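Work the whole structure out from these sequences, hints included.
Protein sequences appear in the order of chains A and B.
Per this note's numbering, the first sequence runs over residues 1 to 414.
Per this note's numbering, the second sequence runs over residues 1001 to 1414.
Among the clues, some could well be false.
[Claimed, not checked] With a straight-line cut-off of 30 angstroms between C-alpha atoms, the simulated DSS-like cross-links for lysine-lysine are:
1) B:1110 to A:168
2) A:165 to B:1340
3) A:168 to B:1023
4) A:22 to A:197
5) B:1347 to A:165
6) B:1340 to B:1023
7) A:197 to A:337
8) A:347 to B:1165
9) B:1168 to A:340
10) A:165 to B:1257
11) B:1197 to A:337
12) B:1197 to A:110
13) A:168 to B:1340
14) A:168 to A:197
15) A:197 to A:165
16) B:1023 to A:337
17) A:168 to B:1168
18) B:1165 to B:1337
19) B:1168 to A:165
20) B:1022 to B:1347
21) A:197 to B:1337
22) B:1347 to A:197
23) A:110 to B:1110
24) A:257 to B:1168
Everything labelled a hint here was simulated from the structure, so no lab data went into it.
Please read these numbers as outputs of a predicted model, since none were measured by experiment.
What follows is each chain in one-letter form.
Number of protein chains: 2
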Amino acid sequence: MRVAVLGGDGYCGWATALYLSKKGHSVAIVDNFIRRQWDHELGVQTLTPIRTLAERLNVWQDLTGQRIELFVGDVTDYDFLSSCIQNFGPEAVVHFAEQRAAPYSMIDRKHAVFTQVNNVVGTLNLLYALREFRPDCHLVKLGTMGEYGTPNIDIEEGYITIEHKGRKDVLPYPKQAGSFYHLSKVHDSHNIMFCCKIWGLRATDLNQGVVYGTITDEVALDEALINRFDYDEVFGTVLNRYCVEAAVGMPLTVYGKGGQTRGFLDLRDTVRCIEIAVLNPAGRGEFRVFNQFTEQFTVLQLAEMVQAAGRELGLEVRVEHIPDPRVEAEEHYYNAKHSKLIELGLKPHLLSDSLLDSLMNIALCYRDRIDASKMMPQVNWRNARNAPRPGASAEVAASGPQLTAVGANKERTK
Amino acid sequence: MRVAVLGGDGYCGWATALYLSKKGHSVAIVDNFIRRQWDHELGVQTLTPIRTLAERLNVWQDLTGQRIELFVGDVTDYDFLSSCIQNFGPEAVVHFAEQRAAPYSMIDRKHAVFTQVNNVVGTLNLLYALREFRPDCHLVKLGTMGEYGTPNIDIEEGYITIEHKGRKDVLPYPKQAGSFYHLSKVHDSHNIMFCCKIWGLRATDLNQGVVYGTITDEVALDEALINRFDYDEVFGTVLNRYCVEAAVGMPLTVYGKGGQTRGFLDLRDTVRCIEIAVLNPAGRGEFRVFNQFTEQFTVLQLAEMVQAAGRELGLEVRVEHIPDPRVEAEEHYYNAKHSKLIELGLKPHLLSDSLLDSLMNIALCYRDRIDASKMMPQVNWRNARNAPRPGASAEVAASGPQLTAVGANKERTK
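In structure tokens form, the structure reads like this:
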């Protein structure tokens, strides 16, 4: 199939593009490299030394004979995006091209506004481009389990049957997102559902859990294909951060009591889930929601697992509870359904099996690149303005939203 | 109390500002006159000949001795908005300053993007301005009953208790909005709920039904104070349109079968509801939702009421069913709760009592200003691009979003 991967230079996007290419699909990457720019803004870098996309794509073609097409530009620029859709003619579009870090969206007002405008406008543009030029193309959109929050009832996959005062309906599952970023995905979900209804588009919303790991079969082929591994407080996800902390002998930083329960999955399952969605498209007019994770853990459980894994490697690992920079329940009920992708054939990788190989060993391997000053949380949900990241000058810190707004401005003023 | 009315030059905003001023509150209007600009874009005008805001405010002061302060600018410009909040120091902010027409948001991609960016960014800016400068100020936000859509169960006021698999929680009522405009209000509601949680802000979301009428005690004092009366297919609401159609002897244009049921209220109840909300503020951290309407009707019932009222005035009124330009259920269950404002003291005006005075007579009085070419729907939900309004050149039709994006751009590139 012809599959366009928007945001294909990012963490999940890069692994997905290679996986689909390896499987014989015709793949195009659409990206504007802004993810790399945010590293500069924050004064951080991925633990793994990633190459330029041009180099990555050349090495991939040399190794496999597969060519991945590249379209460089911003999805908030409609002329650019719609020309990509027309030129490439995808049968499926996998949409990762959003600002995806909750702490980034909570830095200050500009970052909150940037995140919501960037994500919502990019997705609106994509919906219009599909409506106008590829109405039968299947939209595979990355959502997040964070859209649901932590309700005191079981979380279903997108919809819930509600019986109320003697009547019944199947309605969208109520949303209680926990950051301006997570809220942007809630907004997207509502917008996409509406477009499926009015235009008969077909869409799958993948409410993904927290992804861990960096190794997939494809990136393992050559070091030039290595994927990102973010561990900083803004873009680093909890498990990656713990592993890096363990590798440098820092205590693992558990936010608050650590009873925050979330869904998690291995990056190798992310790419397989995307393939499953692509191969089993939603019907015309269908807005389908899958919960995309394989296991649920509390963040304290994860710390204890990393502690145990560290012990096997001869590392002394301490666990420390620090004040939670987020506003969230630190102990709560959590039971989220995630059977639809399993029913379609997903065979999960379990964390217990991959913790050492795909996480601890990567952290140890690139230990020299770790900047120990980047792990402690600086972005507090309770503040309207959080200071620029350490190591980044105020000027640099402000540049992300500025530069990235250019695309959005252009398309609205032209 | 000190009350800022954002969007105070618009239909509901103007009536509200005068009502609160008459009641002895210190009122400020914040507006950028964009509502008047949209009339130019669409080549339409309000049935009633409204004056400039400067003239309106002078006449109001001459008649009542009450001065209403004026801040001219765009709420998507944070420097402007936050300086208003700091300078005026409101105890309550009533936020009407959004693009409020579903058909306008469905014209094409630019109008959809404009509507969502304008509404979401304006509200985000307001939330940040309150957090930074007036954290105890009560936000009274205009939402819409259209956020709920038409579920097959009773609609509650903002939240619903859900029992599911032996557990129970009170969760935000599921949203199924029917246009990019209605979706923008859904996005706002989610954003506001989150800010109440993380920052302890106090907010009331008024999910308003369709407002009708133009006469309030205050605007009736002098013709220079007259309020808008929109009847065109984009900004005109259904009942106003019917009355105008009756006045010029056109058939009433019922969309589809006409079984679309909605909540309605008299403009005199809108202003009273706002006052009730302002006088009974939400608690710190509370996100409160009131359904603000007084009666529910199908659009066919309304047509029949206008037909009967026309007969009393000696008018021959025909009812015609035309294809529904919207994608919506034309027959459905609808039972929406609306008791919270009644419990706080609202005494509804009933449509049957005001139809002749506040609607039919206004339509007849300004009959000479009616442009009969503006009533038939040109904006179809099924199209990605709808033609510019008749009478407006393509260039003019595109100018609304262009001009208004300037504020949004400025704040993101500075």
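The hints, checked one at a time:
1. Of the supplied pair hints, the one linking residue 1110 of chain B and residue 168 of chain A is violated, its CA atoms being roughly 38 angstroms apart against a limit of 30 angstroms.
2. Only pairs whose Cα atoms come within 30 angstroms are accepted, and residue 165 of chain A paired with residue 1340 of chain B is accepted, the gap being roughly 19 angstroms.
3. Taking the CA atoms of residue 168 of chain A and residue 1023 of chain B, the gap is near 45 angstroms; set against the 30 angstroms cutoff, the hint is violated.
4. Between the alpha carbons of residue 22 of chain A and residue 197 of chain A the distance comes to roughly 34 angstroms, so the proposed pair goes past 30 angstroms and is violated.
5. Under the criterion of a C-alpha separation no larger than 30 angstroms, the hint pairing residue 1347 of chain B with residue 165 of chain A is consistent with the structure, at around 27 angstroms.
6. Proximity of residue 1340 of chain B to residue 1023 of chain B is assessed by CA-CA distance (about 22 angstroms); at most 30 angstroms being required, the pair is judged to hold.
7. For the given pair, residue 197 of chain A sits about 25 angstroms from residue 337 of chain A by alpha-carbon distance, which is consistent with the 30 angstroms threshold.
8. For the hint linking residue 347 of chain A to residue 1165 of chain B, the alpha-carbon distance of about 27 angstroms falls within 30 angstroms, and the restraint holds.
9. Simply put, residue 1168 of chain B and residue 340 of chain A have alpha-carbon atoms about 24 angstroms apart, close enough for the 30 angstroms limit, and the pair holds.
10. Distance check on the hinted pair: residue 165 of chain A and residue 1257 of chain B sit about 28 angstroms apart at the alpha-carbon level, within 30 angstroms; holds.
11. A threshold of 30 angstroms between alpha carbons decides the hint, and for residue 1197 of chain B with residue 337 of chain A the separation of about 26 angstroms falls inside it, so the pair holds.
12. Our distance criterion of 30 angstroms between C-alpha atoms is met by residue 1197 of chain B and residue 110 of chain A, whose separation comes to about 20 angstroms.
13. A hinted pair counts as satisfied when its Cα atoms are at most 30 angstroms apart, and residue 168 of chain A with residue 1340 of chain B qualifies at roughly 24 angstroms.
14. For the proposed pair residue 168 of chain A and residue 197 of chain A, the alpha carbon gap of about 21 angstroms is at most 30 angstroms, so the pair holds.
15. Our distance criterion of 30 angstroms between C-alpha atoms is met by residue 197 of chain A and residue 165 of chain A, whose separation comes to about 27 angstroms.
16. For the suggested pair residue 1023 of chain B and residue 337 of chain A, the alpha carbons sit about 53 angstroms apart, so the restraint of at most 30 angstroms is broken.
17. Taking the CA atoms of residue 168 of chain A and residue 1168 of chain B, the gap is near 16 angstroms; set against the 30 angstroms cutoff, the hint holds.
18. Note on residue 1165 of chain B and residue 1337 of chain B: the hinted pairing holds, with a Cα-Cα distance of about 26 angstroms set against a maximum of 30 angstroms.
19. A threshold of 30 angstroms between alpha carbons decides the hint, and for residue 1168 of chain B with residue 165 of chain A the separation of about 15 angstroms falls inside it, so the pair holds.
20. At roughly 19 angstroms between alpha-carbon atoms, residue 1022 of chain B and residue 1347 of chain B fall within 30 angstroms of each other, so this suggested pair holds.
21. Annotation: proposed proximity of residue 197 of chain A to residue 1337 of chain B holds, straight-line Cα distance about 26 angstroms (limit 30 angstroms).
22. Pair hint residue 1347 of chain B plus residue 197 of chain A does not hold up; C-alpha atoms about 38 angstroms apart against a cutoff of 30 angstroms.
23. Restraint check for residue 110 of chain A and residue 1110 of chain B: satisfied, since their Cα atoms lie roughly 22 angstroms apart, inside the 30 angstroms limit.
24. Between the alpha carbons of residue 257 of chain A and residue 1168 of chain B the distance comes to roughly 24 angstroms, so the proposed pair stays at or under 30 angstroms and holds.
Consistency with the previously given hints fails for numbers 1, 3, 4, 16 and 22, ordered from lowest to highest.
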